[in-house]
Amino acid sequence: MRAEELKGHLDAVLLAALEGGPRHGYAVIEALRQSTAGRLDLPTGTIYPALRRLEQAGLITGSWSVVGGRRRREYQLTAAGVRALSGRRADWRDFSAIVTAALEDRACMRPNPA
Amino acid sequence: MHASESRLISSYLEVLAAQLPASIVEELADGLAETHRFYLRQGLAPERAAESAVAEFGEPEAIVAGFTRVNPARRAASRLLGIGPAVGACWAAALITGRAWGVPLPARILLGLALITCIGLLAAAALGRGYRLAARTGVAGCIGMTALDLVLITGVTFAVTSVTWVTVAAMAASIAVTARALRPALAR
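Sequence lines, in order, name chains V and Y. For what it's worth, this note's numbering labels the leading residue of the first sequence as 1, then goes sequentially. For what it's worth, this note's numbering labels the leading residue of the second sequence as 1, then goes sequentially.
Among these hints, one or two may not hold up.
[What the hints assert, rightly or not] Here chain Y is said to cover these stretches of chain V; the calculated rule only asks that three of the stretch's residues, wherever they fall, bring their Cβ under 8 Å from a Cβ of chain Y:
(1) 38-45
(2) 50-59
(3) 71-77
(4) 91-99
I should point out that these hints are in silico values taken from the structure, not numbers from a laboratory. As the structure is a computational prediction, the values presented were derived from the model and not from experiment. The beta carbon of each residue, even a glycine, is placed where N, CA and C say it ideally should be.
Next up, chain V with everything else stripped away, as it sits in the complex:
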């Protein structure tokens, strides 16, 4: 899946990647690779601005540490982020169920007998 197809869902996907605990930018990307079996093809550089946006929105917090002589920024979910993720999940399940029902309803494809 390409980045443009994910538009509108990137925030939820990033929040979900942070659900397991604090992660730095690249670890978020690795988590997404693993959870989607490599099918999510996002340009790595686009993840970082999105993380900053979520931080500004108060859904995640960032903190610096030093690893191997390099400064590293790690992010974790805030309480608001946990609530937002829960809401986005519920919305997605509803949306997904509706679209799946519409797309897979074979009755729609049969010609009307009348």
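Based on these hints, arrange chain Y on the given structure of chain V.
Here is chain Y on its own, set in the frame of chain V:
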């Protein structure tokens, strides 16, 4: 890190460093180093791993554009431009109902020019492509609008013959909007 891949990654980071703040570049440098290590673990030669890491990160212009879009000063400027006409209408109503006709012409011209300058700065922040341009013009525009608000509030308090609820509403709206915009604009 191998010298050849270091040159490729370093030059990539230099392009970003010319346009983005140091803290963002540090974060990207860490991510790029991790991406490079990922490709080394996949068995690629150091130079090829560096090329793959840079390719995976994407075009520097796209990264800069992404950070520019989420620049707090740019977003504050956009918010101010969006809600500004409503606050301006409140002020117009306050000045008309308060009969503040006594303001000398030079002061009116000065205020008008200051307002146009602030709107120009905010527009440059909201529409400009560069991160630093957006940050500087956004902060300058938000500070300018706050100063203009203070001048208007002080001036109207002394100039109007009677303070009506419209004047109070205009002052409250003005303070609330600029304070809300100024805080994130100054955040780093």
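Please count how many residues of the stretch 91-99 of chain V have a CB within 8 Å of a CB from chain Y and say whether that reaches 3. Per the Cβ count (0), the hint is violated.
At a Cβ distance under 8 Å, does chain Y reach at least three residues of the stretch 71-77 of chain V? Holds, because 3 residues of the stretch 71-77 of chain V bring their Cβ atoms closer than 8 Å to Cβ atoms of chain Y.
Please count how many residues of the stretch 50-59 of chain V have a CB within 8 Å of a CB from chain Y and say whether that reaches 3. Per the Cβ count (4), the hint holds.
Coverage of the stretch 38-45 of chain V by chain Y (three or more Cβ within 8 Å): Check passed, 3 qualifying residues.
Violated hints amount to a single one, hint 4; each of the other numbered hints is respected by the structure.
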